[in-house]
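Letter by letter, the chains look like this.
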Amino acid sequence: MVNRWMLSVLLLALAGCRPAANDSYLSKPHRCRIYTTSYPLFYIAQRLAEDRADVLFPAPSNEDPAFWRPSRDIVRQYQQADLILVNGAAFEKWVDTTSLPMKTLVDTAAPFKDQWLMFAEVITHSHGPHGAHSHGNIDFNTWLDPMLALRQAEAVETALQELSVRPEAELRQRAQQLRRDFEALDRQLREISQGLAGRPLLASHPVYGYLARQYHWDLHSVHWEPDEPVTAAQWSAFDALRAQHRANLMLWEDEPLPEVRAELEKRGVRPLVFLTCGNRPSAGDYLQAMNRNLDVLRAAVK
Amino acid sequence: MKHVWFLAWQSLRFNRLQSAILIIGLAVPLYLPLTVNGLVSRYQAGLLQRAVTTPLVAGGLGSRFDLVLHALYFRGSVPRLLRMADVEAMRATGYAAPIPLYVRYTARHAPIIGTTLDYFTFRHLRLARGEQLLELGDCVLGAEAAASLGLAPGDRLMTDPENVFDIAGSYPVKLRVMGVLEATGTPDDRAVFVDLKTTWLIGGLAHGHTDVTSTNTDASVVLERGASNVTANAALVEFTEVTPTNITSFHFHGEPADFPVSAVIPVPKDEKSATLLRGRYQGPEATVQILAARSVVEELLGLVFRIKRFFDANAALVGVATALFLVLVVLLSLRLRRPEMETLFRVGCARGLMARLMAAELAAIGAVSLALAVAGAAVTIALVSLW
Amino acid sequence: MITIEQLTFHYRDSTFALRVPRLLVADGERVALVGPSGSGKTTLLHLIAGILLPDQGTIRVGETEPARLSDAGRRAFRIATLGLVFQDFQLLECLDVLENILLPYRINPALKLTDGVRQHAVQLARETGLEPRLRHRPGRLSQGEKQRTALCRALITAPRYVLADEPTGNLDPAAKQRALDVLFDQCARGQTSLLMVTHDLSLLGRFDQSIDLAEVSR
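Residue numbers (our numbering), protein chains in the order written: chain A, 47 to 348; chain B, 4 to 390; chain C, 307 to 524.
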């Protein structure tokens with residue numbers, strides 16, 4: 047018994063990921079440091095690596111990771127990481143203007159680049175010889191579609207396999223478990239979508255495009271912020287939109303202001319909070335937050 | 004023999020001028036081939052060393068010499084540019100970790116090397132002062148570049164305009180010196196390293212300016228504002244320096260997969276991966292060539308240093324002429340010293356003493372000449388290497 | 307003793323011929339060798355020294371017949387047994403007085419240069435008035451000093467026989483006398499036989515014997 051215990055301890059002590067390329071001269075076991083740029087990736091990496099690696103997501107919980115800019119010290123930490131998991135699809139703007147090693151950086155949305163969505167309405171600007179161009183017209187909310195989130199998880203799994211974070215069989219088992227969870231979300235969304243039966247939906251922001259595409263929602267979006275009042279002009283535009291698409295449900299990234307909620311309900315539109323989970327939810331983890339989202343939607347659709 | 008050496012030394016010392024002339028006359032024809040061969044060997048070794056430490060080089064189709072010189076020594080241009088998509092495709096094979104290079108621009112005539120942090124790890128480049136690259140607009144200088152440009156961490160360095168006559172073209176960018184590397188004795192010492200993205204910025208594929216789409220924008224820079232497009236006029240200033248306050252305004256235009264790269268250093272996992280990678284790009288439809296750097300450099304050195312044979316032949320002829328003159332000098336010396344030889348014979352010198360005496364004097368002259376030639380060659384090689 | 311009997315010698319491609327039926331130089335004897343130019347005086351000295359080999363006859367120097375020795379043997383015999391003095395001194399310009407005196411010890415392994423030899427050289431130089439000039443090269447010496455240096459070189463090995471070929475021929479009268487005094491004095495001290503070629507008949511009175519080679523060869 048003692049011998050088996052000692053062997054286990056020894057194996058645990060010896061187990062560790064392969065050090066980063068820039069520390070390849072290290073011969074002693076090294077606990078990998080995995081840095082992520084979004085909460086969903088943090089969740090996925092945690093599910094797969096958990097006790098075998100340090101998974102970090104340094105963005106503050108009160109900031110939108112898509113527009114967050116890390117401090118110099120945090121950028122240095124990313125540079126020294128054994129693995130950097132980025133969402134891609136133009137999510138983390140700061141990566142474009144930061145120096146990160148290519149070898150340790152994994153763009154998890156790159157494998158399905160052909161499926162990226164562009165925002166339908168975007169204001170372009172033109173100057174100089176380049177003509178009209180815009181900044182950031184790619185919809186980066188890829189993880190909201192459980193099937194795309196699964197593709198991202200597969201990219202994470204491959205990267206962890208390269209690092210030998212844990213035995214391959216263990217990693218595969220955890221990945222399969224994660225796959226089942228994403229597939230369960232997918233099944234629920236399909237059921238809910240059937241319940242929608244083609245009814246139009248509204249959204250406060252064009253962030254649910256991947257869900258709309260995958261589950262064939264008739265979704266129409268405005269550009270409202272949950273913590274900002276809606277102007278009269280915006281209400282006019284909303285009414286004009288609703289005249290064309292008689293939607294009763296409106297998805298919100300967060301709870302709208304009470305007066306906005308009241309005004310919507312006066313118009314017969316029910317606001318539903320559907321968290322995008324780009325950052326940590328206030329309660330629970332990504333899967334729990336998504337299940338709560340689906341519960342809310344399911345209840346509203348019935 | 005010690006008496007022979009004593010007598011030889013006394014004779015040489017007494018005839019200082021003649022001895023000095025002989026020594027110099029012998030040293031010069033020795034010095035020239037020693038120096039040339041030493042310099043050639045040093046350059047060959049240096050060039051080869053660079054190639055040995057760079058197993059593979061990848062780039063567009065065309066002259067393999069141009070590609071290798073460009074990727075290893077940052078000289079010249081490549082026959083054809085690659086795209087970032089080519090780099091990603093190489094990475095996707097799983098056989099190698101590609102390190103992209105974009106060498107096109109200069110800053111006060113020092114070559115700007117656009118690459119990733121992986122390059123520094125690959126080349127074992129260490130910082131002597133300051134910090135590593137962090138953000139767009141940062142640069143790290145090689146040891147020689149820092150010394151010759153007189154720059155240190157915290158200083159600024161302006162890039163050179165690509166075409167001084169194209170005033171409507173891309174503007175120079177003011178780089179921020181983050182660090183200085185330790186000297187390595189390689190072309191890296193003379194380089195200005197920036198992130199690959201910074202070279203795209205220099206090339207005009209990215210820029211930063213105030214947000215003209217915002218309704219708060221200064222109206223004087225807006226030419227026309229429509230529902231879906233805002234046109235700015237020439238008064239819109241594009242930032243020439245990336246600062247903490249304007250960095251978020253910098254953005255890229257176009258498809259990153261199409262952004263240019265001049266060469267790639269694929270770092271294969273192992274020999275087998277290297278072979279598989281090369282095999283992957285060997286077909287009539289391949290648009291990328293992958294070369295074994297060492298073979299190309301050896302071939303190049305063979306071609307270039309073929310001319311060395313002329314130097315060797317010249318040195319041999321000079322050597323023959325010098326030897327003939329030396330023989331003449333010896334014969335004349337023997338004639339002049341005949342009375343001395345006669346005296347020694349009559350006094351009763353041992354057989355062959357005179358021959359040994361002459362041999363000792365010649366050996367001493369030869370040794371000093373050789374030492375002078377070797378020392379001169381060593382100093383010359385060291386000075387040329389510094390220069 | 308130097309004994310010559312029935313000696314004949316001639317140079318190749320020359321009509322000159324030397325013939326000495328008999329000649330004796332006793333141990334410690336001072337002998338002057340005179341005769342007209344071309345009579346073979348220098349040749350005879352060279353034959354005795356083993357520098358040249360006779361066509362016929364015997365030359366015995368002490369117990370040795372130089373002609374019977376090998377070339378190396380003759381050289382060793384010459385340097386150990388004989389002291390040669392030349393008219394034109396034949397000093398080595400690159401060596402100072404002391405080293406010129408010690409020259410025989412540097413040019414043949416038959417002689418060993420020791421501290422005792424060096425001291426003897428200094429002693430000889432002192433006795434011949436050369437001590438202040440020990441570190442001077444021949445270029446800084448007077449004719450007399452050069453000749454005395456040559457004499458010391460001939461005497462440093464304590465030879466049993468000194469063969470001098472007109473050693474005072476290039477000296478002024480005063481230097482001549484002084485050189486002869488040194489030579490005779492040193493030979494007397496070492497009981498060294500002296501065979502000296504000279505044209506100066508006024509010196510004959512200082513020798514034990516005079517031999518006219520022309521007469522002997524007739």
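Some hints here could point you the wrong way.
Said to hold, decoys possible - Mimicking BS3-like on lysine-lysine, the simulated pairs with C-alpha atoms at most 27 Å apart in a straight line are: (1) A:K139 x A:K159; (2) C:K418 x B:K5; (3) A:K312 x A:K348; (4) B:K5 x A:K139.
It is worth saying that the hints were derived from the structure and are not from the lab.
Quick rundown of the hints versus the structure:
{"no.": "1", "hint": "A:K139 x A:K159", "verdict": "holds (17 Å)"}
{"no.": "2", "hint": "C:K418 x B:K5", "verdict": "holds (12 Å)"}
{"no.": "3", "hint": "A:K312 x A:K348", "verdict": "holds (21 Å)"}
{"no.": "4", "hint": "B:K5 x A:K139", "verdict": "violated (84 Å)"}
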